[in-house]
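Student: The lines below spell out each chain.
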Amino acid sequence: MGKKSTKSVRDLLFGDLWEYAPAPQSSGFVDLKDHYGHFINGEFVTTEETFETINPATEEVLATVSIADDATVDRAVKAARKAYDNVWSKMPGKERAKYLYRIARMIQEKSRNLAVVETMDGGKPIRESRDVDVPLAAAHFFYYAGWADKLEYAFPGATVKSLGVAGQVIPWNFPLLMAAWKIAPALAAGNTVVIKPAETTPLTAMLLAEIFQEAGLPPGVVNIVNGFGETGAAIVNHDDVNKVAFTGSTQVGKIIQRAVAGTDKKLTLELGGKGANIIFDDASIDQAVEGIVNGIFFNQGHVCCAGSRLLVQENIAEEVLTKLKHRISTLIIGDPLDKNTDVGAINSRDQLDNIKRLVDIGEAEGAEKFQPRCTLPDKGFFFAPTVFTDVTPSHTIAQDEIFGPVLSVLTFRTPDEAIEKANNTPYGLACGIWSDKGSKLFRVASQLKCGIVWGNTYNRFDPTSPFGGYRESGFGREGGVQGLLAYLEVR
Amino acid sequence: MATDYAIPRVPSVDRVAADERAARFKSRSIKTTAKAAGLHLIISMIDLTTLEGKDTPGKVRMLCRKARQPLKGSDCPTVGAVCVYPPMVPIAKEELKGTDINIAAVATYFPSGQATIAERVDEVRRTVDAGANEIDMVINRGSFLAGDYGRVFDEIAATAEACGKAHLKVILETGELQTYDNVRLASQMAIDAGAHFIKTSTGKIKPAATMPVTLVMLETIRDHFLKTGKMVGMKPAGGISSAKLALRYLAMVKETLGDAWLDPDWFRFGASSLLNDVLMQLEKQRTGRYHSDRYLSMS
Chain A
1 MGKKSTKSVR
11 DLLFGDLWEY
21 APAPQSSGFV
31 DLKDHYGHFI
41 NGEFVTTEET
51 FETINPATEE
61 VLATVSIADD
71 ATVDRAVKAA
81 RKAYDNVWSK
91 MPGKERAKYL
101 YRIARMIQEK
111 SRNLAVVETM
121 DGGKPIRESR
131 DVDVPLAAAH
141 FFYYAGWADK
151 LEYAFPGATV
161 KSLGVAGQVI
171 PWNFPLLMAA
181 WKIAPALAAG
191 NTVVIKPAET
201 TPLTAMLLAE
211 IFQEAGLPPG
221 VVNIVNGFGE
231 TGAAIVNHDD
241 VNKVAFTGST
251 QVGKIIQRAV
261 AGTDKKLTLE
271 LGGKGANIIF
281 DDASIDQAVE
291 GIVNGIFFNQ
301 GHVCCAGSRL
311 LVQENIAEEV
321 LTKLKHRIST
331 LIIGDPLDKN
341 TDVGAINSRD
351 QLDNIKRLVD
361 IGEAEGAEKF
371 QPRCTLPDKG
381 FFFAPTVFTD
391 VTPSHTIAQD
401 EIFGPVLSVL
411 TFRTPDEAIE
421 KANNTPYGLA
431 CGIWSDKGSK
441 LFRVASQLKC
451 GIVWGNTYNR
461 FDPTSPFGGY
471 RESGFGREGG
481 VQGLLAYLEV
491 R
Chain B
1 MATDYAIPRV
11 PSVDRVAADE
21 RAARFKSRSI
31 KTTAKAAGLH
41 LIISMIDLTT
51 LEGKDTPGKV
61 RMLCRKARQP
71 LKGSDCPTVG
81 AVCVYPPMVP
91 IAKEELKGTD
101 INIAAVATYF
111 PSGQATIAER
121 VDEVRRTVDA
131 GANEIDMVIN
141 RGSFLAGDYG
151 RVFDEIAATA
161 EACGKAHLKV
171 ILETGELQTY
181 DNVRLASQMA
191 IDAGAHFIKT
201 STGKIKPAAT
211 MPVTLVMLET
221 IRDHFLKTGK
231 MVGMKPAGGI
241 SSAKLALRYL
251 AMVKETLGDA
261 WLDPDWFRFG
271 ASSLLNDVLM
281 QLEKQRTGRY
291 HSDRYLSMS
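Residue numbers (this note's numbering), protein chains in the order written: chain A, 1 to 491; chain B, 1 to 299.
Bound conformation, chain A alone (with noise of 0.2 Å):
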């Protein structure tokens, strides 16, 4: 009946003798268009060149969706500086508040068919688009929600005043979250709003589109463009533009830096991240285990602020490595509209083949894999959860952002070494910190060149709480108070 165990007879045997049946979420009430557009002026509009995007979990084209070019950009920009000058840098902020309240709420109402899309456009487990990417965007417009009408009390002494048309570029790790990370607070704010999504995942963001339209949303205030990075550069690079915010690659966020250098451009960058998660000795090392696991394989690891760097004391390092395989060996990997699956597709085959690259890299270093028995659909781009150990910050993988669900774990003896450890790294988004010691917890903390640090957790989001890097993982803050600075001038 069950797997035989290859180890030890101690070791804990995680079988097929009682198996959860397939639970695959329906999505038969999805009523995706054949194609998709750009929503400029209030209006679907379509161009000639398009692009498909598929499922990463069956590589099915869901769409086919328009690019959009420098005229149709121009457009999009000439639409939103009108509805600015016009109508929203006009409304008063509780009005303002009306709209995003209505998106918020709309949002929560739609919320099945958001989350069934999300994941197959996006590959990640059905689990995770409906427990948290959807509630958190909702979460999101709530939020700003409340801040459109009490601008002037968010930085008291001074006054504010909003940019004009925004510019924002977003990821495909978190497609509809990222929208409202960026059209929450620019809309509180005053802004008007031309936003790209990613390429790979332009669906929830034109769902959004219909929910603008809908909750009668004043025309030219969001507009949303598809296409690629031509696309992406065009908004950037647009002389009306009066703020630009990206989410995305280091790589890409120094160009655009390039690009808005010596222009009156406000910017704001979020980009890569090696985060370190810390495990002391005298952490809770079951709940650090968990911690552990959800750094790095929640959303396939696709996650900036992912804990992809463990850092685990010398004198528990076996325990927790123990642990952490029998855990690891209970994720169930698949399709991700199964309501059990815990690690889903990988989002597109380019993403797919630079991990396995650095996978490679890191055998090649000699880096010691680990891998749970699993199969993998034959369909559709999967990767198992990876744990790579005897890595010294010296190998490629402690290094650079792999953004998939792959650990490299290396080893500390004192505190001091831990914090050196954690810092070195050319970025500086996020890590964690286990001990239950909070005297310890707060000094480590204090010493992080990172912006975001979690105190016995990982990977928790809130819309209050300000997110954002340092160093070579971007500048600007998003989410909290901090949030609104990227979007107002404040005098």
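Nothing false has been slipped in among the hints.
The list that follows gives simulated cross-link-like pairs (lysine-lysine, DSSO-like), each with its CA atoms no further than 27 Å apart:
(1) A:LYS90 with A:LYS150
(2) B:LYS227 with A:LYS325
(3) A:LYS94 with A:LYS150
(4) B:LYS244 with B:LYS26
(5) A:LYS266 with A:LYS161
(6) B:LYS227 with A:LYS369
(7) A:LYS161 with A:LYS90
(8) B:LYS227 with B:LYS165
(9) A:LYS379 with B:LYS31
(10) A:LYS379 with A:LYS369
(11) A:LYS449 with A:LYS421
(12) B:LYS26 with A:LYS325
(13) A:LYS110 with B:LYS31
(14) A:LYS254 with A:LYS449
(15) A:LYS33 with A:LYS339
(16) B:LYS26 with A:LYS110
(17) A:LYS325 with B:LYS230
(18) B:LYS230 with B:LYS165
(19) B:LYS72 with B:LYS284
(20) B:LYS284 with A:LYS339
(21) B:LYS204 with B:LYS54
(22) A:LYS339 with B:LYS26
(23) B:LYS206 with B:LYS26
(24) B:LYS72 with B:LYS93
(25) A:LYS254 with A:LYS421
(26) A:LYS98 with A:LYS82
(27) A:LYS339 with B:LYS244
(28) B:LYS206 with B:LYS54
(29) A:LYS339 with B:LYS31
(30) A:LYS94 with A:LYS78
Treat the hints as calculated values from the structure; they're not laboratory data.
Here the structure of chain A is known, so what remains is to put chain B in place on it, guided by the hints.
Tutor: Chain B alone, transformed into the frame defined by chain A:
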């Protein structure tokens, strides 16, 4: 002797994160074949229990008949054990003759445990002699909370010895220990002192079994197994009355301890009304229609 007792080192438990982990098992979707197989397994794991002041021989006979034949004409298994007060053991023994249903009895001055060690051990001996092959004891929570760990350990060890061949289940009464750190320590002490099973509750104190508390106990069992190779069983008891909740517990066992513990030898539910809810679900699976409890016999 008690003062020499070396308190075992156990990892601390973070309450917030343990609660979150336990809650994750609630999102497991257990359907169709998995549900049917799980429900069968649950029946075989039930310690069908009556522990009331008003128990009579007639009540115990009724319970034993239900244990032997949970549902007329069904292929469902018999329950794991019948659990009664010590004076009822001879009646259960007579009623369960010829079956492999175990006879469990709560001894050691259940549920308070407030008696001298001599009295408690004596009750265990008499109960085993009367025919019980499983003894559910309660630890002395007063001693535990007073920090007199040596006394708690000695009492469990003495009870284990008095059990002879009978299996010992040690009830921690986690609702009175309150913190997960206490649960973790008490679990390890019980295991070290010779428990075959560790059990959450008497059912007389609220809260009784909860998923996080059971998780903490399962993790103690797992750590002990990895260290020594010795398996210990787990029995959550009290408050598990629905099939849905029992399936979530089963998922927690599967993903914490693995296949070896998905067995009535290593996992039991202390329950009474759970059985009929499981049977209702099984009939729903079999016929596609919701079953009325009027068709189910009382236990």
